[in-house]
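Visitor: Chain by chain, the residues run as shown.
There are 2 protein chains.
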Amino acid sequence: MIIDCHGHYTTAPAALEAWRRRQIAAIGEPGNAPTRASLAITDDEIRESLENAQLRMQRERGTDLTFFSPRASVMAHHIGDAATSLEWARVCNDLIRRVCTLYPDNFVGVCQLPQSPGVRPENCIPELERCINELGFVGCNLNPDPSGGHWKEPPLTDRWWYPLYEKMVELDVPAMVHVSSSCNPCFHATGAHYINADTTAFMQFLLSDLFKDFPTLRFIIPHGGGAAPYHWGRYRGIAQDLKRPPFAELLLKNVFFDTCVYHRPGIELLLKVVPADNILFASEMVGAVRGIDPETGHHYDDTRRYLEPIDWLSAEDRGKIFEGNARRVFPRFGARTARAVNAAQSA
Amino acid sequence: MIIDCHGHYTTAPAALEAWRRRQIAAIGEPGNAPTRASLAITDDEIRESLENAQLRMQRERGTDLTFFSPRASVMAHHIGDAATSLEWARVCNDLIRRVCTLYPDNFVGVCQLPQSPGVRPENCIPELERCINELGFVGCNLNPDPSGGHWKEPPLTDRWWYPLYEKMVELDVPAMVHVSSSCNPCFHATGAHYINADTTAFMQFLLSDLFKDFPTLRFIIPHGGGAAPYHWGRYRGIAQDLKRPPFAELLLKNVFFDTCVYHRPGIELLLKVVPADNILFASEMVGAVRGIDPETGHHYDDTRRYLEPIDWLSAEDRGKIFEGNARRVFPRFGARTARAVNAAQSA
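If you read the protein sequences in the order shown, they are chains A and B. Our numbering numbers the first residue of the first sequence as 1 and each following residue consecutively. Our numbering numbers the first residue of the second sequence as 1001 and each following residue consecutively.
Treat the hints loosely; a few may be bogus.
Label-pair restraints from in silico Cβ distances [what the hints assert, rightly or not]:
1. 297/A to 1312/B: 23 to 31 angstroms
2. 1094/B to 308/A: 55 to 63 angstroms
3. 1017/B to 308/A: 48 to 56 angstroms
4. 1134/B to 185/A: 35 to 43 angstroms
5. 1154/B to 62/A: 43 to 51 angstroms
6. 1215/B to 249/A: 46 to 54 angstroms
7. 311/A to 1298/B: 23 to 31 angstroms
8. 55/A to 1319/B: 45 to 53 angstroms
9. 290/A to 1319/B: 14 to 22 angstroms
10. 22/A to 1026/B: 53 to 61 angstroms
11. 1154/B to 241/A: 33 to 41 angstroms
A partial selection of chain B residues facing chain A, derived with a Cβ cut-off under 7 angstroms [as the list claims (entries may be wrong)]:
12. 1147
13. 1151
14. 1183
15. 1186
16. 1191
17. 1196
18. 1200
19. 1203
20. 1226
21. 1230
22. 1238
23. 1242
24. 1266
25. 1273
26. 1274
27. 1290
Below, simulated DSSO-like cross-link-like pairs (lysine-lysine); rule was C-alpha separation at most 30 angstroms, straight line [said to hold, decoys possible]:
28. 212/A to 272/A
29. 243/A to 272/A
30. 272/A to 1152/B
31. 152/A to 1152/B
32. 1212/B to 1253/B
33. 212/A to 253/A
Honestly, the hints are just simulated from the structure, not real lab data. All residues carry an ideal CB built from backbone N, CA and C; glycine is no exception.
The shape of chain A in the complex, shown without the other chains:
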């Protein structure tokens, strides 16, 4: 079985974006804000949005299941206030739930959090609990920079975030560290801000004793861990100069990387330097890169194609990367089927 731990609903029906535009237009005029119930999307529209995109790609690429979350680039936590973010997160998460209900074998939910710049992260706890306990989701996306490229929040290792981490530990759900769009003109969203955030988060974890405080807290750093694996020697060296413990003790029980790296040399590097226990298969599809690589004739984000021919990857490690690690890092998925995960909660 192949589990893709990182997929976004980037193809949602246009009515979702229209609802968001109405919501943004009404900021400061609460009386004009659209209700959640006013979002009219039919089941057929949802099917249509997926059949020729994520579902077709699952079939064509031979992956079985996607951990599916709202489109990351439009989370845009910097827009409006915490109430804005909460309504938007609920709308987006509810739509993911509908996807999981329609395709219970193909998708399992991961939620967007109602973060807002400068607002304490405990404000996210009710929506996290709703998504996990009522919608059957198995994880969340946590934005280390709700300002959208201005980086005004404390580091992820600051006690600022601890109440949310306590709830994550209690619910036994991991977070993917995932920023949203950039409103800083220096940073292109998917080309710079995403990758920088991944690198930044890794370095924050390296410097901190966060995982002494939360031994079972787990993060997935997406996009192959940003720059971290490429600079693995640099990071090992910086940690050593700073008298930090070896990575195995410092963070490898808690920090995982996905395989959203869109060429074979990058995937090979990731597999060479990061232990197989810390790598989760993913494609980010439909995501940052949609084209076909003329050098291979296949989609850049068809990451299974890079992994499959690597003959020095043992069957055991392959099994961990494609399936086992996802089941372990997302214990609410655990040993179950997607259908069982989705069914247990829709009752």
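Model the placement of chain B on the given structure of chain A, informed by the hints.
Guide: Relative to the frame of chain A, chain B by itself:
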């Protein structure tokens, strides 16, 4: 011959740091600012600061020559104003000149610029001209974020920077894109801010037609290009989705990467994906990582050791990476010896 295109005077005598502390203490009280002439460092102190550090490492590692610039992490362009930065840059650049005078075979100068947040980059032109025309330097370090981690300057591809680029083209000198310390608690300097800046600069270049406006402008992106080579497929794919030209046409005549990547798998990746014409040997020594890797028994930043045993690297490409590209990208060095470069200007 092996040219290390990226070395900093991180071991300067303590009097330099003391001078800087006095300068900072006097911000707002110009009458109390130390004069440049008040910095008292003897030739012997300079020799001592180098003999057991950069010079010993050159000998032990078998490199011949370092393109040497002031310590990057203390450029700290965010401190004080443009006048503060100018005095500090002059002091630091003059010290580099003294190093080059004492060791004319071992070092060639690269200058710090007197940038200051929000100040138009043309303010750097006089100091750039002084360093190139009077001190015999061959390049400069350009900080894309003089705010120190808040990223308030326009992207490097904005016309904001054009007057400085016009002067760089006229003088025929490249810039290494190099940030300084971070005063944003989210970003560790050498572990996050440096690498993020490299990634950010690459993405800015990818999006822009800067090199149509300046066909001979050249940048070195240090630290192996940040995350760019690891995510080469992502970047090729994003460029393709955006209908940008192929990299060869878009930026490979103008953008170069150094080899400051501190483990063999990272160096191998760099050599696999980036054309040999675009890679310049460097170690960053004495820089971000000072320790010895227990896995190899050698210094993390002894980057020659990663390159040497790679048997699929042709002699021709090896020659480009170790020497030829540096001579080409820094034409004021060109075909000459370090001694000739240094002597020509000290007359």
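Visitor: Which earlier hints can't be squared with this structure?
Guide: Violated hints (numbers, rising): 9, 12, 14, 23, 26 and 30; every other hint is consistent with the structure.
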